[in-house]
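Peer 1: Sequence:
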Amino acid sequence: MIASISDDEFEWFRQHWRLLGRRSQKPPAGDWTTWLLIGGRGSGKTRAGAEWVRQLAAEGVAPIALVSETITEAVSVMVRGPSGILAVSREEERPILRDNMLIWTTGAEALLLGASDPDRFRGPQFAAAWCDELGKWPHAEAAWDMLQFGLRLGERPRQLVTTTPRPTKLLKRLMAEPGTVTVRMTTRENERWLASAFLKAIVARYEHTVLGRQELEGELIEDRPDALWRREMFRRDEGAELGRIVVAVDPPATGRKGSDACGIVVAGRSGNGAVVLADMSFGPARPEQWARAAVAAFHEFGADCIVAETNQGGDMVKAMIAQQDADVPVRGVHASRGKWVRAEPVAALYANGRVVHRDGLTALEDEMCAFGADGMADGHSPDRVDALVWALTELMLGGGEPRVRGI
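Okay, so the sequence shown: first residue is 1 according to this note's numbering, each after it adds one.
Source of the hints: derived by calculation from the structure; they are not laboratory data. Glycine residues also receive a C-beta, built at the ideal position from the N, C-alpha and C atoms. A hint or two may mislead.
[As the list claims (entries may be wrong)] Computed cross-link-like contacts, BS3-like style, restricted to lysine-lysine with a CA-CA straight-line distance of at most 30 Å: (1) Lys169 / Lys200; (2) Lys318 / Lys172; (3) Lys136 / Lys318; (4) Lys172 / Lys339; (5) Lys169 / Lys318; (6) Lys200 / Lys136; (7) Lys339 / Lys200; (8) Lys26 / Lys169; (9) Lys200 / Lys318; (10) Lys136 / Lys169; (11) Lys172 / Lys136.
[Claimed, not checked] Cβ-Cβ distance ranges computed for the label pairs, FRET-style: (12) Glu207 / Ala296: 19 to 27 Å; (13) Ala29 / Leu97: 31 to 39 Å; (14) Ala58 / Gly375: 13 to 21 Å; (15) Asp359 / Phe149: 31 to 39 Å.
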């Protein structure tokens, strides 16, 4: 972001980028494949990306992929933004945006892509790529993996990732890869180019808070600042005596490739609390597959009933389970409120120490800590969390009385 400077000052700054650009904003030395630039809001990430692409085009390194969450965001931020490619380019070298293609006078081209549609990555080949705000991409891993297959032209294909840190699986994976050079920037480092009102109202307010550590300091916080669950809330089961047991199922809308997984969680009542016994989620899953798995879990744990979300069709859900075993009792539940609102009372049970976990629930616990106010977890539908919420709501918040039993 560049604010509160005159046109003449901006033009001088643009033409003297090599002098005024910070070291962290310039490509690192050495043999790298991915330059991962993690920074706070307004730290100069977009300017660094735009200048890198401008230099690549001038050197004839093309075609280039410009990837954002959507093509609309790629245009508004990476291309037309105040620190985007058009803004940092001299008039005589400024490229033309034609549909979803950026074309320079040298003949170099850049294709705009949206991570929301990973299939669009099939076919095109690139010599370089700039990926913006990877931390909030939907279908992030699918889009990234497809991009890697196309990054195969030229002597040294490379990619720049500019993002505010979010603890997604993909971002953590990239940081661990040997070909990645990770550079961090903070908002304060770029304060000379930021509006004073922003510094006073936003930076002063959020500095030193958990949200500020992520959004201003560029720090990767493992547990989302807005998450309902934190890892210290998880306590281990020590062999509690169990009462009523349920198998909760969050069926996917479809069983096609790329569709949501089927959440299947088993939990039991224990005195004034509950024990999460197993996470048997998988996917993608066709109706007969998830119904078979749910019935198998019912028998394996000696459950009292299957609790199934019926938003995708109550009669269909019950019929699929009945096809596997007509004697299995099914309680249909319908989601009339958002995921976050439904999860809050369940998270309160954890905060009060009333829920414990059996071993082997790592995937579920990761999703719980990644589940935020947007109703997503790492850019995916939180199917495991949905099933967990239904199970514990039925056991702890639905008024059912426990009965003592062994398992």
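Peer 1: For every hint, state whether the structure bears it out.
Peer 2: Each hint tested on the structure:
| no. | hint | verdict |
| --- | --- | --- |
| 1 | Lys169 / Lys200 | violated, 34 Å |
| 2 | Lys318 / Lys172 | violated, 40 Å |
| 3 | Lys136 / Lys318 | violated, 36 Å |
| 4 | Lys172 / Lys339 | holds, 25 Å |
| 5 | Lys169 / Lys318 | violated, 34 Å |
| 6 | Lys200 / Lys136 | holds, 27 Å |
| 7 | Lys339 / Lys200 | violated, 35 Å |
| 8 | Lys26 / Lys169 | holds, 26 Å |
| 9 | Lys200 / Lys318 | violated, 57 Å |
| 10 | Lys136 / Lys169 | holds, 11 Å |
| 11 | Lys172 / Lys136 | holds, 13 Å |
| 12 | Glu207 / Ala296: 19 to 27 Å | violated, 52 Å |
| 13 | Ala29 / Leu97: 31 to 39 Å | holds, 32 Å |
| 14 | Ala58 / Gly375: 13 to 21 Å | violated, 43 Å |
| 15 | Asp359 / Phe149: 31 to 39 Å | holds, 37 Å |
When each numbered hint is compared with the structure, violations occur for hints 1, 2, 3, 5, 7, 9, 12, 14.
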